[in-house]
Amino acid sequence: MLKITNIHKSFGNNQILKGVDLEVNKGEVIVVLGPSGSGKTTMLRCINFLERADQGSIEFDDIKTDFRAAGQKTIRDIRKKSGFVFQNYNLFANKTALENVMEGLTVARGVPVKEAEERAKNALDRVGLKNRYDYYPSQLSGGQQQRVGIARAVALNPEVILFDEPTSALDPELVGEVLNVMKDLAKSGATMVVVTHEMDFARDVASKVIFMDKGVIVEEGTPEKIFTHPKEERTAQFLKRILKEDYRADQDSDFTEKDDSLLAKVFGGGSGKKAYNWGVC
Amino acid sequence: MEIESGFMWETFLVALSGIPVTLKLTFVTLLISTPPAFFMALGKLKEHKISSKVIGFYVSFVRGTPIVLQILFFYSLLPTVLNCFFKNILHSGYNVFAWNPIIYAYTVFSLNTIAVLSEVFRSALLTVNAGQLEAAMSIGETKFQAYTRIIIPQAMVAALPNVGNTTVSLLKNTSLAYMMTVKDITALAKIEAAIGYNYIEAYLVILMIYVLLCTVVQLIFSFAENVLSVYKKRLTKTADKRTNYILSRAAAVFAMLRAV
Chain F
75 MLKITNIHKS FGNNQILKGV DLEVNKGEVI VVLGPSGSGK TTMLRCINFL ERADQGSIEF
135 DDIKTDFRAA GQKTIRDIRK KSGFVFQNYN LFANKTALEN VMEGLTVARG VPVKEAEERA
195 KNALDRVGLK NRYDYYPSQL SGGQQQRVGI ARAVALNPEV ILFDEPTSAL DPELVGEVLN
255 VMKDLAKSGA TMVVVTHEMD FARDVASKVI FMDKGVIVEE GTPEKIFTHP KEERTAQFLK
315 RILKEDYRAD QDSDFTEKDD SLLAKVFGGG SGKKAYNWGV C
Chain D
1005 MEIESGFMWE TFLVALSGIP VTLKLTFVTL LISTPPAFFM ALGKLKEHKI SSKVIGFYVS
1065 FVRGTPIVLQ ILFFYSLLPT VLNCFFKNIL HSGYNVFAWN PIIYAYTVFS LNTIAVLSEV
1125 FRSALLTVNA GQLEAAMSIG ETKFQAYTRI IIPQAMVAAL PNVGNTTVSL LKNTSLAYMM
1185 TVKDITALAK IEAAIGYNYI EAYLVILMIY VLLCTVVQLI FSFAENVLSV YKKRLTKTAD
1245 KRTNYILSRA AAVFAMLRAV
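Protein chains in written order, with my numbering: chain F, 75 to 355; chain D, 1005 to 1264.
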């Protein structure tokens, strides 16, 4: 359904993406992992043309184009087929939750206001914001804002929804509500590409996990395969580091030393993270 | 020295009749200045090298020269230059000196206000984070739609306090129009005072008038800001009622505007 080939992107002398291929099929939930600076976010932004890739091509249903050659019309067509959820929510501050969700329907797609309102309300209900229609973003918590952000993408019935670290800007106790909404979405058959550091989510929901480092895809496969038997050394190292941090955050773990567990109580509690033993630690 | 209260009252009444001219100078200038200032702000943001340099030069030139000097320049020099132009180049008998002097006043004040407002609008546009532009594009809007529906409405609200300040200082600056024989509040009071050398009384009178006018302008702007920035207010338990009230007022205003 969506296929990008050989995507390159540099910022100045800094080469961020060095030839990434990605194929997304209908109903798939792809989780992209990797250390910061590995190009995960840039790849996502290039798919939606928020950054213009230097090289590579994209195939989205019947649209087929080179990244550099794509004109405004093609770009908008691709954007209309995809939803984007931002790390910092990026809600329209001058519009209420309902208007935020309606905006893409009425303005960009010409849906009649009545119908748009209904669809927007449905989307907001789905993310559990039934009684927050008329609230402005400044009157909502971070988790609620991100859920509006998800509703804004979902209401457009996109072929694929791109999530750019949707929980990274949230307070730990708000991460859960957003992840739950995303899990429900995945269950309902939505096609998703998710850049995240939430290992729980990757393990439970992903149909495919992709590990990126230094601008290339190092390894990809099912969650079990990646988490339990990583083939590449770099993947194993990354997972070890991340999962160890998860371990530390868990106050019941025998592995944590006294000081660590105190720190964990202060900083790490309540994030819903569990300790795993998948053989990599 | 004695203050003549009778003269003060008379002058007050005369000066009051200058209010329409002062207000006209202020608001016509604002109307003339807003569109070019706005496009200059956009031009400067685009970082086209040449246009933003030209605009930057204009802004620093206008703001770097005293307004009195600009008035002297435009009011004494420009008519002569224009006269030469009509006479020697176009060979027409057109009389530049018959123009209403208020035209020169509009010119000088507009040149100033454009420079100030373009900076006000530029900084206001910068207050809206770029993420919202990206979000608007990601849901399929064109750049034009994103700007007109998301960015500019927020920037205009952010600009309101500074536009209010600009309006107040413009209103005060229009008192210099007397130098161009425009009969505004200041000019009328000075003419009255010149008859019997009662300058102190005349100045006291117009001081009060200016204070009143500026206060009213400030009140109007703060009211507008209050109504339009509804979306910035957080809902707290104590502020709930007030916010709801403002929300309902704003909704009423919007409904009215839509009906018009």
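None of these hints come from the bench; they were simulated from the model. Here the structure is a predicted model, which is why all the values come from computation and not from measurement. Be a bit skeptical, because a hint or two may be false.
[Said to hold, decoys possible] One-sided and incomplete, this derived list gives chain F residues near chain D with beta-carbon spacing under 7 Å: (1) MET75; (2) LYS77; (3) ARG126; (4) PHE134; (5) ARG153; (6) PHE158; (7) ASN162; (8) ASN164; (9) ASN168; (10) GLY178; (11) VAL185; (12) PRO186; (13) SER212; (14) SER215.
[To be verified] Each computed SDA-like pair below joins lysine to any residue, with the alpha-carbon atoms no more than 20 Å apart: (15) D:LYS1236 with F:PHE123; (16) F:LYS169 with D:LYS1187; (17) D:LYS1147 with F:ARG206; (18) F:LYS155 with D:LYS1236; (19) D:LYS1187 with D:ASN1169; (20) D:LYS1147 with F:ARG142; (21) F:LYS169 with D:ALA1259.
Even glycine gets a Cβ: it sits at the ideal position worked out from N, Cα and C.
Exercise for the section: Any hints from earlier that this structure breaks? Give me their numbers in increasing order, please. Expected result: 1, 2, 3, 4, 11, 12, 14, 15, 16, 17, 18 and 19
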